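Peer 1: Residue-level listing of the chains:
There are 2 protein chains.
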Amino acid sequence: MSCVFCRIVAREIPASILYEDDHVVGFRDVNPVAPVHILVVPKVHVPRVDAPEVCELKLGDHIFRAIGDITRREGLQEGGFRVVSNAGKGGGQTVDHLHFHILAGRSLAWPPG
Amino acid sequence: MSCVFCRIVAREIPASILYEDDHVVGFRDVNPVAPVHILVVPKVHVPRVDAPEVCELKLGDHIFRAIGDITRREGLQEGGFRVVSNAGKGGGQTVDHLHFHILAGRSLAWPPG
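Heads up: the protein sequence lines correspond to chains Z and C, in order. Here the first sequence is numbered in the working numbering, starting from 1 and rising by one per residue. Here the second sequence is numbered in the working numbering, starting from 1 and rising by one per residue.
Just so you know, not all the hints are guaranteed correct.
Here are the simulated lysine-lysine pairs, DSSO-like style, with alpha carbons at most 27 Å apart [what the hints assert, rightly or not]:
1. C/K89 to C/K43
2. C/K43 to Z/K89
3. C/K43 to C/K58
4. Z/K58 to Z/K43
5. C/K58 to Z/K58
6. C/K89 to C/K58
7. Z/K89 to Z/K43
8. Z/K89 to Z/K58
9. Z/K43 to C/K89
Since the hints were made in silico from the structure, they are not lab data. Computed from a predicted model, the values in this text were never measured in an experiment.
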């Protein structure tokens with residue numbers, strides 16, 4: 001198992017995990033680009049947001065539920081936050097396991113990259 | 001009905017609509033920040049990604065399915081793309097109706113804002 005996010009989910013490599021449910025794990029990005037930078041990943045290995053398995057496994061529901069729970073627990077909802085997912089190298093994806101970035105704690109410029 | 005996205009969904013104001021299913025509409029952003037800049041919105045008015053209705057109405061599934069369909073139809077999957085949703089003013093949200101931006105067609109820098 002070489003996928004770094006699969007290994008974090010399996011607790012084979014350490015991470016600052018702050019959320020877990022049956023389907024999703026949330027942990028802090030080791031290369032944060034904002035004061036709050038959290039990654040939300042499905043436990044199952046799915047490559048990216050447009051993969052067929054995303055619909056088959058209803059990952060949208062699980063991920064949005066986790067984003068709601070995490071941002072509530074972390075106190076991010078009043079100040080606001082941004083969620084981002086990159087698909088493919090051209091989108092800026094660096095780990096081929098579906099993940100959403102949650103960014104907060106500073107002014108977030110537009111355009112988003 | 002003052003929400004601009006509700007009015008686009010209802011065809012009360014014009015938009016370049018390129019996708020519609022029972023739950024979601026996709027149309028081109030009138031202020032594009034990339035060669036391809038598409039907005040994906042639920043037909044129902046829900047303020048943002050962390051709203052309770054998002055889970056209750058299973059909008060995550062509907063939105064991810066639409067993102068998959070739109071990026072396939074528009075030929076964005078090979079080149080890659082980025083999806084972004086802002087929650088609250090601090091996240092950069094300017095229309096209080098949940099929407100995901102799909103950005104593609106140019107190099108997308110990191111951090112995303």
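Peer 1: State for each hint whether it applies.
Peer 2: Here is how each hint holds up against the structure:
no., hint, in the structure
1, C/K89 to C/K43, "holds, 22 Å"
2, C/K43 to Z/K89, "violated, 31 Å"
3, C/K43 to C/K58, "holds, 13 Å"
4, Z/K58 to Z/K43, "holds, 13 Å"
5, C/K58 to Z/K58, "holds, 9 Å"
6, C/K89 to C/K58, "holds, 24 Å"
7, Z/K89 to Z/K43, "holds, 22 Å"
8, Z/K89 to Z/K58, "holds, 24 Å"
9, Z/K43 to C/K89, "violated, 31 Å"
In summary, the structure is inconsistent with hints 2, 9 from the numbered list given earlier, while agreeing with the others.
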